[in-house]
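**Q** Protein chains in written order, with full-length UniProt numbering: chain R, 1 to 290; chain V, 1 to 290; chain G, 1 to 290.
By construction, these hints were calculated from the structure, which means they are not laboratory data. It is possible that some hints are incorrect.
Each pair may be met inside one copy or between any two copies, as identical chains are not told apart.
Pairs of lysine-lysine residues, derived as DSS-like cross-links and limited to a Cα-Cα distance of at most 27 angstroms, are as follows [claimed, not checked]:
{"id": "1", "residue 1": "Lys80", "residue 2": "Lys220"}
{"id": "2", "residue 1": "Lys220", "residue 2": "Lys93"}
{"id": "3", "residue 1": "Lys93", "residue 2": "Lys168"}
{"id": "4", "residue 1": "Lys77", "residue 2": "Lys203"}
{"id": "5", "residue 1": "Lys13", "residue 2": "Lys203"}
{"id": "6", "residue 1": "Lys77", "residue 2": "Lys220"}
{"id": "7", "residue 1": "Lys20", "residue 2": "Lys168"}
{"id": "8", "residue 1": "Lys257", "residue 2": "Lys106"}
{"id": "9", "residue 1": "Lys117", "residue 2": "Lys203"}
{"id": "10", "residue 1": "Lys13", "residue 2": "Lys257"}
{"id": "11", "residue 1": "Lys106", "residue 2": "Lys168"}
{"id": "12", "residue 1": "Lys93", "residue 2": "Lys203"}
Nothing here was measured: the structure is a model prediction, and the numbers come from that model.
In case you want the letters, here they are:
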Amino acid sequence: MFEALLEEAGVLKRILDAVKELVNQANVSFSPTGITIHSMDSSCVALLHLVLCDDGFQHFRCDASTVVGINFVTMSKILKGARNDDSVTIRKKDEDDFLTLILESKDGKDVVSFEMKEMDIDAESLGVPETEYEVTVSMDSASFQNKMRYLAQFGDAVTIEAEPSCVKFSVNGEQASGSISLRSSSSGDEDDGLDEGVKINRKNDVSLSFALRYLQTFTKATTLSNRVRLSLSNAVPLSVSYDIEGLGFITYYLAPKIDDDEDDEEDEEEEVEENVEDMDVKEEDDEEDM
Amino acid sequence: MFEALLEEAGVLKRILDAVKELVNQANVSFSPTGITIHSMDSSCVALLHLVLCDDGFQHFRCDASTVVGINFVTMSKILKGARNDDSVTIRKKDEDDFLTLILESKDGKDVVSFEMKEMDIDAESLGVPETEYEVTVSMDSASFQNKMRYLAQFGDAVTIEAEPSCVKFSVNGEQASGSISLRSSSSGDEDDGLDEGVKINRKNDVSLSFALRYLQTFTKATTLSNRVRLSLSNAVPLSVSYDIEGLGFITYYLAPKIDDDEDDEEDEEEEVEENVEDMDVKEEDDEEDM
Amino acid sequence: MFEALLEEAGVLKRILDAVKELVNQANVSFSPTGITIHSMDSSCVALLHLVLCDDGFQHFRCDASTVVGINFVTMSKILKGARNDDSVTIRKKDEDDFLTLILESKDGKDVVSFEMKEMDIDAESLGVPETEYEVTVSMDSASFQNKMRYLAQFGDAVTIEAEPSCVKFSVNGEQASGSISLRSSSSGDEDDGLDEGVKINRKNDVSLSFALRYLQTFTKATTLSNRVRLSLSNAVPLSVSYDIEGLGFITYYLAPKIDDDEDDEEDEEEEVEENVEDMDVKEEDDEEDM
Numbered sequence: 001m002f003e004a005l006l007e008e009a010g011v012l013k014r015i016l017d018a019v020k021e022l023v024n025q026a027n028v029s030f031s032p033t034g035i036t037i038h039s040m041d042s043s044c045v046a047l048l049h050l051v052l053c054d055d056g057f058q059h060f061r062c063d064a065s066t067v068v069g070i071n072f073v074t075m076s077k078i079l080k081g082a083r084n085d086d087s088v089t090i091r092k093k094d095e096d097d098f099l100t101l102i103l104e105s106k107d108g109k110d111v112v113s114f115e116m117k118e119m120d121i122d123a124e125s126l127g128v129p130e131t132e133y134e135v136t137v138s139m140d141s142a143s144f145q146n147k148m149r150y151l152a153q154f155g156d157a158v159t160i161e162a163e164p165s166c167v168k169f170s171v172n173g174e175q176a177s178g179s180i181s182l183r184s185s186s187s188g189d190e191d192d193g194l195d196e197g198v199k200i201n202r203k204n205d206v207s208l209s210f211a212l213r214y215l216q217t218f219t220k221a222t223t224l225s226n227r228v229r230l231s232l233s234n235a236v237p238l239s240v241s242y243d244i245e246g247l248g249f250i251t252y253y254l255a256p257k258i259d260d261d262e263d264d265e266e267d268e269e270e271e272v273e274e275n276v277e278d279m280d281v282k283e284e285d286d287e288e289d290m
Numbered sequence: 001m002f003e004a005l006l007e008e009a010g011v012l013k014r015i016l017d018a019v020k021e022l023v024n025q026a027n028v029s030f031s032p033t034g035i036t037i038h039s040m041d042s043s044c045v046a047l048l049h050l051v052l053c054d055d056g057f058q059h060f061r062c063d064a065s066t067v068v069g070i071n072f073v074t075m076s077k078i079l080k081g082a083r084n085d086d087s088v089t090i091r092k093k094d095e096d097d098f099l100t101l102i103l104e105s106k107d108g109k110d111v112v113s114f115e116m117k118e119m120d121i122d123a124e125s126l127g128v129p130e131t132e133y134e135v136t137v138s139m140d141s142a143s144f145q146n147k148m149r150y151l152a153q154f155g156d157a158v159t160i161e162a163e164p165s166c167v168k169f170s171v172n173g174e175q176a177s178g179s180i181s182l183r184s185s186s187s188g189d190e191d192d193g194l195d196e197g198v199k200i201n202r203k204n205d206v207s208l209s210f211a212l213r214y215l216q217t218f219t220k221a222t223t224l225s226n227r228v229r230l231s232l233s234n235a236v237p238l239s240v241s242y243d244i245e246g247l248g249f250i251t252y253y254l255a256p257k258i259d260d261d262e263d264d265e266e267d268e269e270e271e272v273e274e275n276v277e278d279m280d281v282k283e284e285d286d287e288e289d290m
Numbered sequence: 001m002f003e004a005l006l007e008e009a010g011v012l013k014r015i016l017d018a019v020k021e022l023v024n025q026a027n028v029s030f031s032p033t034g035i036t037i038h039s040m041d042s043s044c045v046a047l048l049h050l051v052l053c054d055d056g057f058q059h060f061r062c063d064a065s066t067v068v069g070i071n072f073v074t075m076s077k078i079l080k081g082a083r084n085d086d087s088v089t090i091r092k093k094d095e096d097d098f099l100t101l102i103l104e105s106k107d108g109k110d111v112v113s114f115e116m117k118e119m120d121i122d123a124e125s126l127g128v129p130e131t132e133y134e135v136t137v138s139m140d141s142a143s144f145q146n147k148m149r150y151l152a153q154f155g156d157a158v159t160i161e162a163e164p165s166c167v168k169f170s171v172n173g174e175q176a177s178g179s180i181s182l183r184s185s186s187s188g189d190e191d192d193g194l195d196e197g198v199k200i201n202r203k204n205d206v207s208l209s210f211a212l213r214y215l216q217t218f219t220k221a222t223t224l225s226n227r228v229r230l231s232l233s234n235a236v237p238l239s240v241s242y243d244i245e246g247l248g249f250i251t252y253y254l255a256p257k258i259d260d261d262e263d264d265e266e267d268e269e270e271e272v273e274e275n276v277e278d279m280d281v282k283e284e285d286d287e288e289d290m
């Protein structure tokens, strides 16, 4: 028996919006310490890691750890029946082959109850890349979303470069090429409690390119937090992370684009394969038919 | 000669929005007591009944009853030229083969004048089913609209069941099945003057299924009234009715879906044919290619 | 070396919106007195004339007059990176084959810098028709936009007629035909300083028809000014003009539609060809495949 209650359905709606665009369906782990998802997207380029801690729920009971295959598109449709301040209960009895969702208005007069078929999803268990990053950038999440959407007008890839007091996003398009430079508000630790401007924590130079299409999908999590944290190291997947207040976090990983034209990058490519562990690093050719 | 003046064009715009989606064109009766439409939709599944009383108009003159074929899509386009507080005059001279619409701003400076071709529509005259309903449910019209849109995400049909203090809308979909239960605010007469919550008036059990596609079209009338009244009896068309304040009402009728798999329903089918009079009751097979 | 600075990028965004829909790309003249565009649209039916005076810019330097081929769609995309109150700098060094655009936030922390490839556009230099117009109508620009959009629902062409105290826009459609009549607020000069209502300045009768598709495109300039000025003479292109406060103006020209059915119009047609000078007057046949 698993049962969890959230008093504000709004947050679960926003979590599903942040998940379903990248990962339509995945195995979800229910355990006594919370709910977690580790999943590649369907084209196996990006990785999503979601953690919701048990003590963030108003009620949480998990008698035994279990894994349930969930279609997030369907689950998001069901959640649309809830106002943001309705409560939502997720229930899975051991003998059921479905997940029950119950949405209830504060006055108890409106009750929506749905049974969602459990999916049988064949996916290998994935580790999350653990890296000591050379650069972390913390910035306003809506600003990051706007800038990725803006640059995607001109080209497929963005190059991110961190200087001591400035982070630069550049794009190389057919009609126009250019960059956005954001100067940091402070060069100190991005976790100093201040919640404004751009904060850069940098040990070494970093210059990496990423597919804008994926970065734009990651920004579906913008409604979950007004801050986003980018973590970069050369030849290692970028981490894009959003806190979910009082509940956990969602982090996306994306392997950098590797330029086939540069011969002296062979060493780096090997390094990539070591660092991303079981994460599939796609090369330029593969990404072009995304 | 027919001539009618409404000082607020906005209400006629909303009426046309409520009509044109279901019935593109129909014969409209102009008589000394008002304007009426009785029309099937083009697939002959649903029936629309509109009544606008003469005394709801600021000026109303009808020398002799007449029937005019009107294209409501065109008429709605013409009405878009009016601000909500412009006046609208509808005029039909006996010798004209067109309807004249005049939209005039309050200060008299802007005048829009259109002649709309009369349509020659071949339609038999329809009676409106008169039934003593077993259940009536009165509820907030926007809430009804939201709930029909919500359920249509999961399946084609909704089953409506009335219990003494609760009305239940349920859907059976491929990925998920569920229901919305709305508890009544009072079990008294729905016409007790209170204009809030859900009110249920119930003599017998009722459980009927309807095509969500049609119910969603009916909710185009939501802008006409903040209340909607559902009237149900077993094996009789559902009535969905909206008052138009000071002017009349619009009522939609929809035959229930009949489950072919249940052999013991043959008696009921006959009863249907008696009750709906000249209204064509479509069976599951016919509706599937809607 | 050319360099110009505008402190409010918003106005340049709106100018590009007003240009790019009709003219995707064109040669732009940079001279010590300002920036100008003369260009036909791609189907050679309408003419656009934009003038931005040097003293409307906060900084303006032009060492020598030059002509640069610019793609306005790309330029508009780049400008989207600016908030309305960001500054924008346009720079062209003599040796560069690109235009540089720099968008900077008021606090100097966000800088967007783009290089836009210069286009090689083969276009003959155009003169602007100079005419003493028989009728000028000044009216609210948003009202003009709404009315053109409204009439386009019914037909392809609008006929504009000016009476001493009234301007009439009429359309002849398959389903409905009608007109909008706007009474003037004053019959005096439209430049009397008052900024409200409709003002008509009329020497002779005028009745001309124009393609609504083009008039609708011209109204993309509505955000530049709350007034629009229409200037008409029989058998001469219509001029539709918007002031850009403190900076210049944008004027569109459109040749009237000529009715092939009327035999007695041959004289007028010849007059047309004289009056529009180097402007290509399209006849009904050509416009039908627009």
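**Q** What hints, given by number in increasing order, does this structure fail?
**A** 2, 4, 5, 7, 8, 9, 10 and 12
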